[in-house]
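Asker: Take a look at the letters that make up each chain.
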Amino acid sequence: MPVTATRAHWHDPAATPRALLTLALLLVLWPGLQLTEFRPQILFNAQNREVMGRFLAGFWPPDTSAEFLLMLGRATLETLAMATAGLALALLLAIPLSLIATRTLSISALFSGRPSRTGRLLRYPVRFVLIVLRSIPEIVWALLFVRAVGLGPTAGVLAIAITYSGMLGKVYAEIYESVDPQPARALLQSGSSRLAAFLYGVLPNAAQELTSYTLYRWECAVRASVIMGFVGAGGLGQMIDLSMRMFAGGEVVSILLTFLLLVLLADQISQQLRKRLA
Amino acid sequence: MKQSLSAALWLLAIVAAVVASFAYLQLDFASLFSTDSRAQMLDYAGSFFPPNTSAGWLSKLWQGTLETLAISAIGTLLAAFFGALFSLLAAGRLGNMAKALCRLLLNALRSVPELVWAALMVLAAGLGPFAGTLAIALHTTGVLGRLFAEALENTPPEPANALRAAGASATTAFLYGTLPGVIPQWLAYTLYRWENNIRMAAVLGFVGAGGLGQMLHVTLSLFQQSKAMSVILAMLAMVLLVDALSGWLRARLG
Chain A
1 MPVTATRAHW HDPAATPRAL LTLALLLVLW PGLQLTEFRP QILFNAQNRE
51 VMGRFLAGFW PPDTSAEFLL MLGRATLETL AMATAGLALA LLLAIPLSLI
101 ATRTLSISAL FSGRPSRTGR LLRYPVRFVL IVLRSIPEIV WALLFVRAVG
151 LGPTAGVLAI AITYSGMLGK VYAEIYESVD PQPARALLQS GSSRLAAFLY
201 GVLPNAAQEL TSYTLYRWEC AVRASVIMGF VGAGGLGQMI DLSMRMFAGG
251 EVVSILLTFL LLVLLADQIS QQLRKRLA
Chain B
1001 MKQSLSAALW LLAIVAAVVA SFAYLQLDFA SLFSTDSRAQ MLDYAGSFFP
1051 PNTSAGWLSK LWQGTLETLA ISAIGTLLAA FFGALFSLLA AGRLGNMAKA
1101 LCRLLLNALR SVPELVWAAL MVLAAGLGPF AGTLAIALHT TGVLGRLFAE
1151 ALENTPPEPA NALRAAGASA TTAFLYGTLP GVIPQWLAYT LYRWENNIRM
1201 AAVLGFVGAG GLGQMLHVTL SLFQQSKAMS VILAMLAMVL LVDALSGWLR
1251 ARLG
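Just so you know, the protein sequences line up as chains A and B, in that order. Throughout the first sequence, residue numbering follows the working numbering, covering 1 to 278 in sequence. Throughout the second sequence, residue numbering follows the working numbering, covering 1001 to 1254 in sequence.
Quick caveat, the hints were computed from the structure, so don't treat them as lab data. Treat the hints with care, since some could be wrong.
What the hints assert, rightly or not - Sample of chain A residues facing chain B (criterion: CB under 8 Å; computed from the structure):
#, residue
1, 36
2, 37
3, 48
4, 57
5, 78
6, 82
7, 92
8, 95
9, 125
10, 126
11, 128
12, 137
13, 143
14, 148
15, 199
Claimed, not checked - Chain A residues, not near chain B, derived (Cβ > 10 Å throughout):
#, residue
16, 144
17, 178
18, 182
19, 268
Keep in mind the model is a prediction, meaning the values are calculated, not measured. Here a beta-carbon is modelled for each residue, glycine too, at the ideal position from N, C-alpha and C.
From just these sequences and the hints, can you work out the full model?
Answerer: Below is the structure:
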């Protein structure tokens, strides 16, 4: 092969378009850098460095005094209890809503193939409510409830109950629709009530998936209830927030480690339950 | 029979846990729904309506929305950059020692939630959107670094090996043999995380990290409920729009 040919092969033919694309992307991102006040040098100015340095220096060793550990244990239990109670309340709301929202139990669909207008008029608003409930982040609900019912775990429980009822309701309705519809249809056609058709026609096939999704959501609720403490809704999050304000680095590290353990624990519990129940 | 007995026992344990939770928290729903506090709560809820739609506030909301989008975009981009760098180490391309250390770092970055990072970054960089950007970048670097490394490990090594055998340098072999195989997957992961981060950026402001969240926190603290309501509606609109857009894109791109 002649030398000149290899020389030409070294040049990547796609290089110019790629460079232009990168340049265009950077131009688009420029206003973004302005909007986010992107100034990395801030991190290194003397004052911020001193504050952060003092804080980080306090990180080690983690706080392990008996008194603090007792508080930590209580906050951990509170976090777990918030997630569990919140999810239990969410179920109370999600189950009836999902039964209304699902198409599987439509009697009019049995005859004409699609649900009647009144059925749809009832179903769509419920679906819309479910969308709104779950699209507002739980921490926003928590912030609102803290102002309505005061600081403490009640706000967190209510926030989880509301957001998770939206999520569970929507997914439950979809799960009912995804299982084999024949048994429920047969029951409805032979004149059984909708509730009976659901209990004997849909639930046996859907139970496994419902359980496993609910357990997954419980894990998410544990994580969410830690976070919600930041707006004053009790549990571990509220402790982190307080410790950070007091620049107590050692406490922050202890709480973060507890948080990691809690997440691992929740993961294990839900895995075990899934194996036993589902 | 034995299995159903154990399932029943587990169910009993769950019920006990739920009862214990309510007992431990000592939730006082009775007082929550007493006529007095019910009237108070209805009053509070009523003060959110109608949402404030004055032109001045709407233009501020628009600014806040743009800021939220910018925080999520820049944060995700930074995370994609550093995630790509760390993924090379985490996939074991530069030795096992670097691999173990890097995995530890990525796990640590990932297991601290964004909001905690944001609270820390507000200390380090002051109030404002820059703290939020850093928080998103730190957490997402952990997530993307691990996903990118998995993609690198699963990509077939033959193209790069062929280039190496033909005399290309290690860097060239990586750029032209390995990278083209993983880029589509990296891009998909990055876009997916961006979608999540838009939602997250909207609430990071609660600890002072800019965007719509900070506006909501400030208006609620100043008891300007009707302004807060329009912030909530803006958040809702943004989340629904992003959801719809990503659903549409996913259906089109398959």
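Asker: All the hints need checking, so say for each whether the structure fits it.
Answerer: Going through the hints against the structure:
Because the beta carbon of residue 36(A) sits about 4 Å from the nearest beta carbon in chain B, less than 8 Å, this interface hint is met. Interface hint at residue 37(A): satisfied, since its Cβ lies 5 Å from the closest Cβ of chain B, which is below the 8 Å cut-off. At a threshold of 8 Å, the smallest CB-CB gap from residue 48(A) to chain B is about 6 Å, leaving the interface hint in force. Taking 8 Å as the C-beta contact cut-off toward chain B, the hint placing residue 57(A) at the interface is violated, the least distance being around 13 Å.
This hint holds: residue 78(A) has a C-beta 7 Å from the nearest C-beta of chain B, less than the 8 Å allowed. Taking 8 Å as the C-beta contact cut-off toward chain B, the hint placing residue 82(A) at the interface holds, the least distance being around 7 Å. A hinted interface residue such as residue 92(A) counts as satisfied when its beta carbon comes closer than 8 Å to some beta carbon of chain B; here the least separation is about 11 Å, so the hint is violated. Hint status for residue 95(A) relative to chain B: violated, with the closest Cβ pair at about 15 Å, above 8 Å.
Of the supplied interface hints, the one on residue 125(A) is violated, with its beta-carbon coming no nearer than about 16 Å to a beta-carbon of chain B, more than 8 Å. This hint is violated: residue 126(A) has a C-beta 17 Å from the nearest C-beta of chain B, more than the 8 Å allowed. Proximity of residue 128(A) to chain B is violated relative to the hint, the smallest CB-CB distance being about 11 Å (cut-off 8 Å). Given the 8 Å rule on beta carbons, the hint for residue 137(A) holds: about 5 Å separates it from the nearest Cβ of chain B.
Nearest Cβ of chain B to the Cβ of residue 143(A): about 6 Å, under the 8 Å cut. The hint holds. Because the closest C-beta pair between residue 148(A) and chain B is about 5 Å apart, less than 8 Å, the hint holds. For residue 199(A), the suggested interface contact is broken, since its CB lies about 17 Å from the closest CB of chain B, more than 8 Å. Distance check for residue 144(A) against chain B: the nearest CB is about 8 Å away, which does not clear 10 Å, and the non-interface claim fails.
With a closest Cβ-Cβ approach of about 18 Å to chain B, residue 178(A) is found to remain outside the 10 Å limit, as its non-interface label requires. Even its closest Cβ contact with chain B, about 25 Å, leaves residue 182(A) beyond 10 Å, as expected for a residue assigned away from the interface. Chain B leaves residue 268(A) outside its interface by the beta-carbon criterion, the shortest separation being 14 Å against a cut-off of 10 Å.
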